[in-house]
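Participant: Given next are the chains, with one letter for each unit.
Protein chains: 2
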Amino acid sequence: MRRPALLLAKLAAFAGIAVWTLLAAGHQEATEAPVFGITLPAGYRDWRLISVAHEEGSLNDIRAILGNDVAIKTYREGKLPFPDGTIIARIAWSYVSSEENNKVFGRSQSFIAGNPTEWYLQLMVKNSKKYAATGGWGFAQFNKEGIPADVEKHKTCFRCHEPVKDRDFVFTRYAP
Amino acid sequence: MRRPALLLAKLAAFAGIAVWTLLAAGHQEATEAPVFGITLPAGYRDWRLISVAHEEGSLNDIRAILGNDVAIKTYREGKLPFPDGTIIARIAWSYVSSEENNKVFGRSQSFIAGNPTEWYLQLMVKNSKKYAATGGWGFAQFNKEGIPADVEKHKTCFRCHEPVKDRDFVFTRYAP
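Line order of the protein sequences matches chains A and B.
Start counting the first sequence at 1235; every next residue gets the next number (the numbering used here).
Start counting the second sequence at 1235; every next residue gets the next number (the numbering used here).
None of these hints come from the bench; they were simulated from the model.
Take these hints with a grain of salt, some might be off.
Which copy? The list can't say, so a pair holds if one copy fits it or any two copies do.
As the list claims (entries may be wrong) - Taking lysine-lysine and the DSBU-like style, the derived pairs with C-alpha atoms no more than 30 Å apart in a straight line are:
1. Lys-1337 x Lys-1399
2. Lys-1364 x Lys-1307
3. Lys-1387 x Lys-1399
4. Lys-1378 x Lys-1307
5. Lys-1307 x Lys-1389
6. Lys-1313 x Lys-1378
7. Lys-1337 x Lys-1389
8. Lys-1307 x Lys-1337
9. Lys-1337 x Lys-1387
10. Lys-1337 x Lys-1313
11. Lys-1399 x Lys-1389
12. Lys-1364 x Lys-1389
Only a predicted model underlies this, so the values are computations on that prediction, with no experimental measurement involved.
Chain A on its own, in the form it takes in the complex:
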């Protein structure tokens, strides 16, 4: 009885390690978005501001559009297309009426950023060769925990940006 018990223990230990390894690998892979294979860029929350916007309807968010150094430089120089290496990040929060601000103003007029929205972070990454089929842009969506949206969701991105081809597929204009 001793040998089979030892074997079972070894097998269990091996299985445990294997499961742990798969989970760990899965967790790492979860930060790479499907379709375009984009990972979370480090420090994007520290990037400089391009502009702000509010979307009504089912989105119902208030958002900031940030850019890495390449993006900001290109915007300020006003020259299209954006060069390879450009990353534009849209971060969004729920659109919330601020009771504490309204109390001071004496009327309901103040709307602020609430919790992060479901797809908190959207990215556009310029790589004219890699993403030649989609105007040179790769697209990605992540939630606040860095988990990407699914394949289907990523397939809808470019379609929506196609109508603004003359602005290199980018909706946001720089706010002076």
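Dock chain B against the given chain A, drawing on the hints supplied.
Facilitator: This is chain B only, laid out in the frame that chain A set:
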């Protein structure tokens, strides 16, 4: 007749230089806001984002609240009061319905940043000794050209911030 003409010419030249000097000096002084004596901080448009907001009513703007490094550090650590050296900058643009975005969405839902508002830039500068009478904060308002608002306008700032004393007189919360 020659001497008086020369004298007149010299006087005119001197007066011209004097007027030019005064104008130049006046232009420099115009960037210092009254009451709190705050000047435009260099590079504020490059500062990191604290949050975004929309104000309805007579303001009718969409705004970004940016902070210098001291401000961002303090916000992220969540410790009040803000230390001396903190500067918070609120920049605002007119709240504009985006026809080009709406066309893509197929409905009127998108609001973006238009032109800079009349008082584009508002500043809060922490200096607990210098501004002891106003909660340690100095306030300033500038238009897009860097011209400050008048004395009367600057006297209204602190009154509005007093109700949020428990948040060190700062309305804006950090957007995660």
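Participant: Please name the hints from earlier in the document that this structure breaks, with their numbers sorted from lowest to highest.
Facilitator: Hints that this structure does not satisfy do not exist here, as all of them hold.
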